[in-house]
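Starting from the known structure of chain A, fit chains G and C onto it as the hints suggest.
The primary structure of each chain is shown beneath.
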Amino acid sequence: MIYNVPYIAVVALVLIGLYAVVFKRNLIKIVIGILLIENGVNLFLITLAFRQDSTAPIYHGTGSRLMSLPIPHALTLTSIVIGVAVLALMLSLVIHIFRHYGTLDARKIGREEE
Amino acid sequence: MSLEQFIDLLIQHSPALIVAIPLIGAFLTPLIGKINDKVRNSFVIFIVLFTGFIVFLLANDIYSQWSKIHTYVFGGTAALKEGGFAIRILFEVDGMNIFMAIIVSILAIAGVIYSWAFMKENTGLDKYYTLLLLMIAGMFGMILTGDMFNFFVFLEITSIASCALIAFWTNKGKTVDAGFKYIVISAIGALFVLFAVAILYGQYNALNMAVLASKIQFSFLDKIALVLLITGLAMKAGIVPMHMWLPDAYGRAPSSVTLILIGATQASLYAALRMMFTVYGGKLTTTMNQIAELNIDLNLLLGIIIVGLALLTIFIGVLMALKENDFKRMIAFAAVAEIGYMILAIGAALTTIFSDTGATIGYMSLKGGIFHILNDALDVGLLFLVAGAIYYATKETSLNQLGGLARNMKYTTIFFLIGLLAVAGMPPMNGFASKLIIYESTYQVNPILAIIAILASILLLAVFVKVFHSAFLGPKLPKFEKVKEVPKSMLLAMGIIACIIIFIGLFPDLVVNNIVQPAVNALTNHSNYITTVTGGI
Amino acid sequence: MIGMSKIVKTITSAVFPFVMIYGLYVIAHGHLTPGGGFQGGAVVASSLAMILVAYGSVWVVGRIKEKHLSILESLGAIGFIGLAFLGIILVLFYSSYEGSFFKNFLIGQNTIPIFNEIGKGLSNINTAGVLPLMNFAVGLKVIAGLFVIVLVMAYATRVKEGK
Numbered sequence: 001m002i003y004n005v006p007y008i009a010v011v012a013l014v015l016i017g018l019y020a021v022v023f024k025r026n027l028i029k030i031v032i033g034i035l036l037i038e039n040g041v042n043l044f045l046i047t048l049a050f051r052q053d054s055t056a057p058i059y060h061g062t063g064s065r066l067m068s069l070p071i072p073h074a075l076t077l078t079s080i081v082i083g084v085a086v087l088a089l090m091l092s093l094v095i096h097i098f099r100h101y102g103t104l105d106a107r108k109i110g111r112e113e114e
Numbered sequence: 115m116s117l118e119q120f121i122d123l124l125i126q127h128s129p130a131l132i133v134a135i136p137l138i139g140a141f142l143t144p145l146i147g148k149i150n151d152k153v154r155n156s157f158v159i160f161i162v163l164f165t166g167f168i169v170f171l172l173a174n175d176i177y178s179q180w181s182k183i184h185t186y187v188f189g190g191t192a193a194l195k196e197g198g199f200a201i202r203i204l205f206e207v208d209g210m211n212i213f214m215a216i217i218v219s220i221l222a223i224a225g226v227i228y229s230w231a232f233m234k235e236n237t238g239l240d241k242y243y244t245l246l247l248l249m250i251a252g253m254f255g256m257i258l259t260g261d262m263f264n265f266f267v268f269l270e271i272t273s274i275a276s277c278a279l280i281a282f283w284t285n286k287g288k289t290v291d292a293g294f295k296y297i298v299i300s301a302i303g304a305l306f307v308l309f310a311v312a313i314l315y316g317q318y319n320a321l322n323m324a325v326l327a328s329k330i331q332f333s334f335l336d337k338i339a340l341v342l343l344i345t346g347l348a349m350k351a352g353i354v355p356m357h358m359w360l361p362d363a364y365g366r367a368p369s370s371v372t373l374i375l376i377g378a379t380q381a382s383l384y385a386a387l388r389m390m391f392t393v394y395g396g397k398l399t400t401t402m403n404q405i406a407e408l409n410i411d412l413n414l415l416l417g418i419i420i421v422g423l424a425l426l427t428i429f430i431g432v433l434m435a436l437k438e439n440d441f442k443r444m445i446a447f448a449a450v451a452e453i454g455y456m457i458l459a460i461g462a463a464l465t466t467i468f469s470d471t472g473a474t475i476g477y478m479s480l481k482g483g484i485f486h487i488l489n490d491a492l493d494v495g496l497l498f499l500v501a502g503a504i505y506y507a508t509k510e511t512s513l514n515q516l517g518g519l520a521r522n523m524k525y526t527t528i529f530f531l532i533g534l535l536a537v538a539g540m541p542p543m544n545g546f547a548s549k550l551i552i553y554e555s556t557y558q559v560n561p562i563l564a565i566i567a568i569l570a571s572i573l574l575l576a577v578f579v580k581v582f583h584s585a586f587l588g589p590k591l592p593k594f595e596k597v598k599e600v601p602k603s604m605l606l607a608m609g610i611i612a613c614i615i616i617f618i619g620l621f622p623d624l625v626v627n628n629i630v631q632p633a634v635n636a637l638t639n640h641s642n643y644i645t646t647v648t649g650g651i
Numbered sequence: 652m653i654g655m656s657k658i659v660k661t662i663t664s665a666v667f668p669f670v671m672i673y674g675l676y677v678i679a680h681g682h683l684t685p686g687g688g689f690q691g692g693a694v695v696a697s698s699l700a701m702i703l704v705a706y707g708s709v710w711v712v713g714r715i716k717e718k719h720l721s722i723l724e725s726l727g728a729i730g731f732i733g734l735a736f737l738g739i740i741l742v743l744f745y746s747s748y749e750g751s752f753f754k755n756f757l758i759g760q761n762t763i764p765i766f767n768e769i770g771k772g773l774s775n776i777n778t779a780g781v782l783p784l785m786n787f788a789v790g791l792k793v794i795a796g797l798f799v800i801v802l803v804m805a806y807a808t809r810v811k812e813g814k
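As they're listed, the protein sequences go chains A, G and C. Numbering-wise (this note's numbering), the first sequence opens with residue 1 and increments by one. Numbering-wise (this note's numbering), the second sequence opens with residue 115 and increments by one. Numbering-wise (this note's numbering), the third sequence opens with residue 652 and increments by one.
Rather than coming from a laboratory, the hints here were simulated on the basis of the structure. Yeah, the Cβ is synthetic: ideal placement off N, Cα and C, and Gly gets one too. Treat the hints with care, as some may be off.
[As the list claims (entries may be wrong)] Quick list of the computed label-pair ranges, beta carbon to beta carbon: (1) G:Thr237 - A:Ile16: 35 to 43 angstroms; (2) G:Leu335 - A:Ile28: 29 to 37 angstroms; (3) C:Gly713 - A:Asp53: 50 to 58 angstroms; (4) C:Ile662 - G:Thr237: 39 to 47 angstroms; (5) G:Phe334 - A:Lys24: 29 to 37 angstroms; (6) G:Asn628 - A:Arg25: 50 to 58 angstroms; (7) C:Arg809 - G:Ser333: 53 to 61 angstroms; (8) C:Ile662 - G:Val341: 50 to 58 angstroms; (9) C:Ile662 - A:Ile32: 30 to 38 angstroms; (10) C:Leu737 - A:Arg51: 34 to 42 angstroms; (11) C:Lys657 - A:Ile28: 32 to 40 angstroms.
Pulled out of the complex, with its shape left as it was, chain A reads as follows (with noise of 0.2 angstroms):
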């Protein structure tokens, strides 16, 4: 049962950042609900790497300890680079959106006639 933590963390992280991605209207809020789903995912793909007893994959030549899945290391660390690429344009864009309306409500952003 001590092993399904992580588990239930994940599906714990993704659901509160789906809700705070359709519910709240503040843009920022929007912004740190994606980056909750995105935790959760990568929380995922390291739990899968781990096996009981097990050290990480690094070989240093000493002894046969059973190590780790390698993999999904290199997996988490590809998803966490495009994470701060996303999270970088997205900032950027509320940066524009502050300036031109000069609010971040996003019930009265891009409604205007022209």
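Below, chains G and C without anything else, positioned relative to chain A:
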């Protein structure tokens, strides 16, 4: 080294070159841009033309044999499995992949030529061309890959680059708002895809599409992964409950960006097809008898759901297009309706293609759907280019202010007429050929589907005839006295696409037998895919 | 943003080289210990962000131009893709060579003997062929890229003096 050997070398390394040459061009553009503007524009056009040439060589090679698959392993000579595990990234090109690559390269060439004159007065053009080449490289990578995580990386590259291009005119508030909506929906869709890839990896310890296809057993977690994959990819393709970003993003971006964005939307649709038919292909006929004790096959259930979504998409696309006043938003809603046509054909194919009696109807329907991908990209692309030309000449986007432009802009009017006839499905254009196949095949599945599809086509014709009359015909308005014809590079881009439309419309037989038929064969020939990619290395 | 007091500026200038050396260590040993291009680049970029916070964005923008950083970033990316392309281009020079994109062409060859030392121990840097060079290219790109993002955001949202 002789020319023969050089061309052989190009064909052998072509899947990597098709992705890598726009990538290195994208990073060289800021350095070359410091010299001159014309040199940078010519450099970008040269890179896109060279990539198109390599796509053409590869297409020649693949169509020469029956159902040939060209695989390319990164970083090794030929060893895909070392000790029994597939550890290297693999690109594989078969008939379906090269079909999408041809579409993307035509759109890319037209888009880059169009943006020579359209974006000339803007600043920051270094970044514009860099992002454009990055987006093209990302799209080619999404199409040609055979590995699930690699597909996710290229999907994110494409969506980040295209979001920055949609929000290019940062001095207007609406454009930035459209970009923000696009990146929120794209990021969530891509994260769903990553979740599904992680579930599949955790069960089978394989990221390669062919190895997954041979090992998959349809357990409960696989069903969750299928739902997440299709939902995530449908968010990026603009199918109806998740289509909210499409009118804003297509309508407020610069027109050359919209043209290439159509390619990105259809590449996501291709990826959904690839997941359904190839990765889950062997299990599509399993009986799902846990749903309310109905003995229903998976492909039938999936087909019915997809056909339901398709009808909804066609309805909402056409009805919202009727009431719009803004030129580009109206064409964007018509694009939503056209995606509904493609999904209708694919859903009808899924329900009948595995049964014994309906297999020929299923193949015809799939042929119509895939042919419509090509036609829709060209038609809607041409309409967007015309809308951009009108914006460039008159600086107006609303239909209430336009009128009587046919006297000053003759060529643009002719191109709009060709695009109008093609979208509505009138005979000498290519829209007629693919829509006829869709009507015939869906009529045999269920007559109501064909009736709704024909009605929607007629309504689209009504919408665009209204636009044609109010924007081009009519008396000359005094404020448009000095409007001239648009510059030659924009006319050249529109002319290329119009010529291809008329060519496909006059000889649809050639195109269907030589280009669409290998794509359908490659998509449904599931066992050949697995044995060629994993066995013959 | 405005800079901070003189104590903060002095301590930042004293700590800054150590953080940079640590970041370069993480980049250079990427193939032996956990780390690599992105991680080390993020550490160095965070040290540059420390300078930005301590001295104020107006002062930093006066000394580092954004276009020089853009050239550095392009050089890093071109180095990475160039090393990947050399796997194919060497086919044109050596006729008995079977290459593919991203192939590690510095392992198992006798022309440049310095890269041929596989398995010699934990702290020997040139044991993996092309990998440390690619780590340097990616590290350079990440340093320039992340620093430009933070610098431009800080400069664009500065509070104007004297209303």
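Here's how the hints hold up against the structure:
1. Separated by about 42 angstroms at the C-beta atoms, G:Thr237 and A:Ile16 satisfy the suggested range of 35 to 43 angstroms.
2. Between G:Leu335 and A:Ile28 the beta carbon distance is about 35 angstroms. The supplied range of 29 to 37 angstroms therefore holds.
3. Checked against the hint of 50 to 58 angstroms, the C-beta distance between C:Gly713 and A:Asp53 comes to roughly 56 angstroms, which is consistent with it.
4. The given range of 39 to 47 angstroms is respected by C:Ile662 and G:Thr237, whose C-beta atoms sit roughly 41 angstroms from each other.
5. Between G:Phe334 and A:Lys24 the beta carbon distance is about 32 angstroms. The supplied range of 29 to 37 angstroms therefore holds.
6. For G:Asn628 and A:Arg25, the hinted distance range of 50 to 58 angstroms is satisfied, since their beta carbons lie about 53 angstroms from each other.
7. In this structure, C:Arg809 and G:Ser333 meet the distance hint of 53 to 61 angstroms, their C-beta atoms being roughly 56 angstroms apart.
8. With their beta carbons about 54 angstroms apart, C:Ile662 and G:Val341 fall inside the hinted range of 50 to 58 angstroms.
9. Checked against the given bound of 30 to 38 angstroms, the beta carbons of C:Ile662 and A:Ile32, roughly 32 angstroms apart, stay inside it.
10. Taking the beta carbon of each, C:Leu737 and A:Arg51 are about 38 angstroms apart, inside 34 to 42 angstroms as hinted.
11. The beta-carbon spacing between C:Lys657 and A:Ile28, approximately 34 angstroms, falls within the hinted interval of 32 to 40 angstroms.
Checked against the numbered hints given earlier, this structure breaks none of them.
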